[in-house]
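Undergrad: Sequence:
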Amino acid sequence: MKFRDLRILTDENISPRVVTFLRQQGLDILDAKEEGWQGKEDKYLLEQAYLDKRFVLTHDSDFGTLTIYQGQKSHGIIYLRLRNVKFHNVVRVFEELLQLEREFSAGSLIVVDSVRVRVRQSGVIPLTT
223 MKFRDLRILT
233 DENISPRVVT
243 FLRQQGLDIL
253 DAKEEGWQGK
263 EDKYLLEQAY
273 LDKRFVLTHD
283 SDFGTLTIYQ
293 GQKSHGIIYL
303 RLRNVKFHNV
313 VRVFEELLQL
323 EREFSAGSLI
333 VVDSVRVRVR
343 QSGVIPLTT
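With the numbering used here as the guide, the letters of the sequence shown map in order to residues 223 to 351.
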């Protein structure tokens, strides 16, 4: 599926303005803050996202650690590893992501920085696009 088709659970560290922007772009977004899940463990959010077939969108690298090194089930993770997490920069990055024609599959770890997107799938070496 294309990036714009992913169902997403936003971590509490994602700005409400970013959540609003993504919804305005037509993405299916479930927000941890709106669900009252602030302060819940990352494992809890991963489980909720897995059960609902959503990618976790986060600025927190711990989600990748939980899935890669601790074997926690994950439908997918979008890790925003940005130096500048201000709203306008995050929106600019998402505008680029929404234009990607690349296919993403369940179980992917998508690492996004301001220069490139890397995708890791179970047992697959990260790819650069």
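Check before you lean on any hint, since a few could be wrong.
[To be verified] Here are the simulated DSS-like cross-link-like pairs (lysine-lysine), alpha carbons at most 30 Å apart as the crow flies:
hint	residue 1	residue 2
1	K255	K224
2	K265	K224
3	K255	K308
4	K255	K295
5	K308	K262
6	K265	K308
7	K255	K275
8	K262	K295
9	K275	K224
10	K265	K275
11	K295	K275
12	K295	K224
13	K275	K308
14	K308	K224
15	K265	K255
16	K275	K262
17	K295	K265
[What the hints assert, rightly or not] What follows is a list of derived Cβ distance ranges for each label pair:
hint	residue 1	residue 2	range
18	K255	V313	14 to 24 Å
19	G293	Q321	31 to 41 Å
20	F309	S283	14 to 24 Å
21	K262	V307	13 to 23 Å
22	Q247	R305	18 to 28 Å
It is worth saying that the hints were derived from the structure and are not from the lab. A quick note: this is a predicted structure, and the numbers were derived from the prediction, not measured. All C-beta atoms, glycine included, are put in the ideal place defined by N, C-alpha and C.
Undergrad: Are the hints correct? Go through all of them and say.
TA: Okay, the hints, checked on the actual structure:
Distance check on the hinted pair: K255 and K224 sit about 26 Å apart at the alpha-carbon level, within 30 Å; holds. Proposed proximity of K265 and K224 is supported: the alpha carbons are some 26 Å apart, at most 30 Å. Annotation: proposed proximity of K255 to K308 holds, straight-line Cα distance about 18 Å (limit 30 Å). Between K255 and K295 the CA atoms are separated by roughly 22 Å; this keeps the pair inside 30 Å, and the hint holds.
Taking the CA atoms of K308 and K262, the gap is near 24 Å; set against the 30 Å cutoff, the hint holds. Taking the CA atoms of K265 and K308, the gap is about 26 Å. The hint holds against a cut of 30 Å. Only pairs whose Cα atoms come within 30 Å are accepted, and K255 paired with K275 is accepted, the gap being roughly 18 Å. With a C-alpha separation of about 17 Å, the suggested pair K262 and K295 falls inside the 30 Å cut-off, and the hint holds.
For the hint linking K275 to K224, the alpha-carbon distance of about 15 Å falls within 30 Å, and the restraint holds. Pair hint K265 plus K275 holds up; C-alpha atoms about 15 Å apart against a cutoff of 30 Å. Distance restraint check for K295 and K275: the Cα-Cα separation of roughly 11 Å lies within the 30 Å cut-off, and the hinted pair is therefore satisfied. Restraint check: the Cα-Cα separation between K295 and K224 comes to about 22 Å, which is no more than 30 Å; the hinted pair holds.
A distance of roughly 28 Å separates the Cα atoms of K275 and K308; the hinted pair therefore holds under the 30 Å criterion. Pair hint K308 plus K224 holds up; C-alpha atoms about 25 Å apart against a cutoff of 30 Å. Between K265 and K255 the CA atoms are separated by roughly 16 Å; this keeps the pair inside 30 Å, and the hint holds. At roughly 19 Å between alpha-carbon atoms, K275 and K262 fall within 30 Å of each other, so this suggested pair holds.
For the suggested pair K295 and K265, the alpha carbons sit about 9 Å apart, so the restraint of at most 30 Å is met. Against the hinted window of 14 to 24 Å, the Cβ-Cβ separation of K255 and V313 comes to about 18 Å, which satisfies the hint. Evaluation of the 31 to 41 Å hint for G293 and Q321 yields a pass: the beta carbon distance comes to about 34 Å. The given range of 14 to 24 Å is respected by F309 and S283, whose C-beta atoms sit roughly 21 Å from each other.
A hinted range of 13 to 23 Å for the beta carbons of K262 and V307 is consistent with their spacing of about 21 Å. Between Q247 and R305 the beta carbon distance is about 23 Å. The supplied range of 18 to 28 Å therefore holds.
Every hint, counting from the list given before, is met by this structure.
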